[in-house]
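These protein sequence lines are chains A and B, in that order.
Residue 226 in the working numbering sits at position 209 of the first sequence; the count goes up by one each step and never skips.
Residue 26 in the working numbering sits at position 19 of the second sequence; the count goes up by one each step and never skips.
Calculated from the structure, these hints are not laboratory results.
Worth double-checking, as some hints may not be accurate.
With a straight-line Cα cutoff of 30 Å, these simulated DSS-like cross-link-like pairs (lysine-lysine) come out [claimed, not checked]:
1) A:Lys31 <-> A:Lys105
2) B:Lys286 <-> A:Lys122
3) A:Lys204 <-> B:Lys65
4) A:Lys308 <-> A:Lys257
5) A:Lys122 <-> A:Lys204
6) A:Lys213 <-> B:Lys271
7) A:Lys257 <-> A:Lys315
8) B:Lys286 <-> A:Lys204
9) A:Lys315 <-> A:Lys31
10) B:Lys65 <-> B:Lys286
11) B:Lys97 <-> B:Lys65
12) A:Lys257 <-> B:Lys271
13) A:Lys308 <-> A:Lys23
14) A:Lys105 <-> A:Lys23
15) A:Lys105 <-> A:Lys141
Beta-carbon label-pair distances, calculated as ranges [as the list claims (entries may be wrong)]:
16) A:Pro295 <-> B:Met8: 52 to 58 Å
17) A:Asp112 <-> B:Ser14: 37 to 43 Å
18) A:Gly154 <-> B:Pro288: 33 to 39 Å
19) A:Gly45 <-> B:Glu108: 30 to 36 Å
20) B:Ile126 <-> A:Glu129: 50 to 56 Å
21) A:Gly154 <-> B:Pro287: 22 to 28 Å
22) B:Pro288 <-> A:Gly96: 52 to 58 Å
23) A:Phe25 <-> B:Arg69: 52 to 58 Å
Fair warning: this is a prediction, and the values are worked out from it, not measured in the lab.
All C-beta atoms in this analysis are idealised placements derived from N, C-alpha and C, irrespective of residue type, glycine included.
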Amino acid sequence: MLSIEKVFKHYPIKTGAFRTETVHAVDGVSLTVRRGETLGLVGESGCGKSTLGRVALRLEEPTSGSIRFREIELNRLSGREMRRLRPKLQMVFQDPLGSLNPRMKVAQTVAEPLLLHGLAVGGKVRAQVRELFDRVGLSDELLDRYPHELSGGQQQRVGIARALAPNPEVMVLDEPTSALDVSVQAKLINLLRRLKQDLDLTQVFISHDLSVIGYLTDRVAVMYLGEIVELGPTEEIFLKPRHPYTGALMSAVPGDDLLDRRTRLMLPGEVPSPITPPPACRLAPRCPFVKDRCRQEKQVLQAVDSNHQVACWRAAEGEISPEDFERSRLALEV
Amino acid sequence: MALLEVSELRTSFFLRSGELRVLDGVSLEIDGGEVLGLVGETGSGKSVTAYSIIRLLKQPGRVVGGHVRWDGRDLLGLKQSELEQEVRGKEISMIFQSPREALNPVITVGRQLTQVLEIRRGMSRQDARREAVSILQSVYISDPASRLSSYPHQLSGGMAQRIMIALALSCHPRLLIADEPTTGLDVTTQYQIVQLLKELRDRTGMAILLITHDLALAAQICDRVAVLYAGRIAEVGPIAHIFRSPRHPYTSALLASRPRLGLKGDIATIPGNVANLMKPPGGCRFHPRCGNALEVCSRVQPSLESMEPGQRVACHNPMSIREAVAAGG
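In isolation and in its complexed conformation, chain A is listed as follows (with noise of 0.2 Å):
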């Protein structure tokens, strides 16, 4: 459905009065999202993943690689023929605030891509708006309100009624619950759900909050400093984590007993700048599996099975193995 090949992003930034150096945001990450599935995108702060979601829509161009939707290449096409495409390829902001026009109301904020491509039908817009409304859960009593007069939850609900408006094939959200309570957060999780099983959307979901994920998504693609370091279903990435990120990622999950003050895989030190990424393998640094070929060669996802991938040379030859992450955490209590 949607195929990332090669992308690059790249940002210049100021550093000193002379000096700019380059933000590597996402660098070389290739990627195929499949037809009516969730794929998640998860990493730290800084790995790239709202950047890639961007780019993957071409709300932001790449600073090199390609993005295909359905086979067609989304950087050739000019801003007409890109429009026209639009509908199809939807946004859900992080910020629900943040991502309304303060000064309009709800109601016009959803009609607004109804009208602008042309989806409108006759003077029937406000009840096509208001079939969203109830899709969403929204009550009609909220049509004519303004963002800062909703909720957290209900802003994030009109968010997403704007992205449905169009009938689009492929979502990508941006930590669509992070800025939400817990129980909130439950009630969007089961709306998105249901979403996907009615109307057969694609979906790339990011967020940090892997229990979401892991709850959420049918695959998973874990992220580190601009790059994805593994690629697998969800169980497995969860239950059976390849790469030593991953694993570090994984045992910080909270379990079913919130009690069991288990063990973490800890890596040590912090995530470098993305402005100077360590070379060859980025995890290098902080990873306690390291050899010396980890900081001599660059590090490419390599299959581990038919629909699992992990950038580890350890990994991938069986050097390393989910059991030895369990075996290398360190207990909680003192």
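Based on these hints, arrange chain B on the given structure of chain A.
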């Protein structure tokens, strides 16, 4: 006698549209050296509780009732000068969410630290600088001497929060109030911060009041937990009891609304919306959304009562033990 005793605390915000009864009789206790978690969602009043205790509330918010006793002293009645010189920052310290925003953006980290040390502890610039380095080391900031010349925007969220913790602990307080200290930080960084707090607690014997909406976070560090809903304590007790056998329907529903890998079907959600604090429901504030609601719940506010297996619950019709254990997470 507990180190901190809060009884029937009432706080309201006086808006043009009316009085927002944010806290409606909050009582809790913290003993020396223990970690109490105050958990609740947006609008529950958890941050307001902290601000009320330490008297950082700003207009239009005001404490309108109740008592706060710190080490036997009436904290709410204390003179402002005594509060500032003897208690705040010295005996009770606080750290907040978004640490980078709490730091002055145009002054180096080092200068902010030394300023506090010079003023608060009367140190000379040289001594303060040395102490600042030692403080950074105590919270595992690498390369502390050169870190002193960093500006806040050059720090990662985790580093900034560690510095705030260091700052808060520089006067060796007996109680640290941590208001959503890890919200917004990456999950692995969150974990580091929690470990740090635990270690500091073990080393110094200080108590911690941890305010959070994140149940998993509370599980990592708290000894006891108080669950707050719409300005009232719903349930309080040792964390194992609260989390493994929640008796209050709200606690139970909150634990159940977490998404989990392998969960089939919809996540269980709490019907309705958070209570309107301008016109709160009569009786129990949770009753309009409660699956266990009885007629009495809309009329009579339940008070905290001791219940099996060992917590205090404010509910006329709590979950049965069997239900509670099944719901536990």
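Results of checking the hints against the structure:
no. : hint                              : in the structure
1   : A:Lys31 <-> A:Lys105              : violated (36 Å)
2   : B:Lys286 <-> A:Lys122             : holds (26 Å)
3   : A:Lys204 <-> B:Lys65              : violated (33 Å)
4   : A:Lys308 <-> A:Lys257             : holds (22 Å)
5   : A:Lys122 <-> A:Lys204             : holds (23 Å)
6   : A:Lys213 <-> B:Lys271             : holds (15 Å)
7   : A:Lys257 <-> A:Lys315             : holds (24 Å)
8   : B:Lys286 <-> A:Lys204             : holds (24 Å)
9   : A:Lys315 <-> A:Lys31              : holds (27 Å)
10  : B:Lys65 <-> B:Lys286              : holds (22 Å)
11  : B:Lys97 <-> B:Lys65               : holds (21 Å)
12  : A:Lys257 <-> B:Lys271             : holds (20 Å)
13  : A:Lys308 <-> A:Lys23              : holds (27 Å)
14  : A:Lys105 <-> A:Lys23              : holds (23 Å)
15  : A:Lys105 <-> A:Lys141             : holds (21 Å)
16  : A:Pro295 <-> B:Met8: 52 to 58 Å   : holds (55 Å)
17  : A:Asp112 <-> B:Ser14: 37 to 43 Å  : holds (39 Å)
18  : A:Gly154 <-> B:Pro288: 33 to 39 Å : violated (23 Å)
19  : A:Gly45 <-> B:Glu108: 30 to 36 Å  : holds (34 Å)
20  : B:Ile126 <-> A:Glu129: 50 to 56 Å : holds (54 Å)
21  : A:Gly154 <-> B:Pro287: 22 to 28 Å : holds (25 Å)
22  : B:Pro288 <-> A:Gly96: 52 to 58 Å  : holds (54 Å)
23  : A:Phe25 <-> B:Arg69: 52 to 58 Å   : holds (55 Å)
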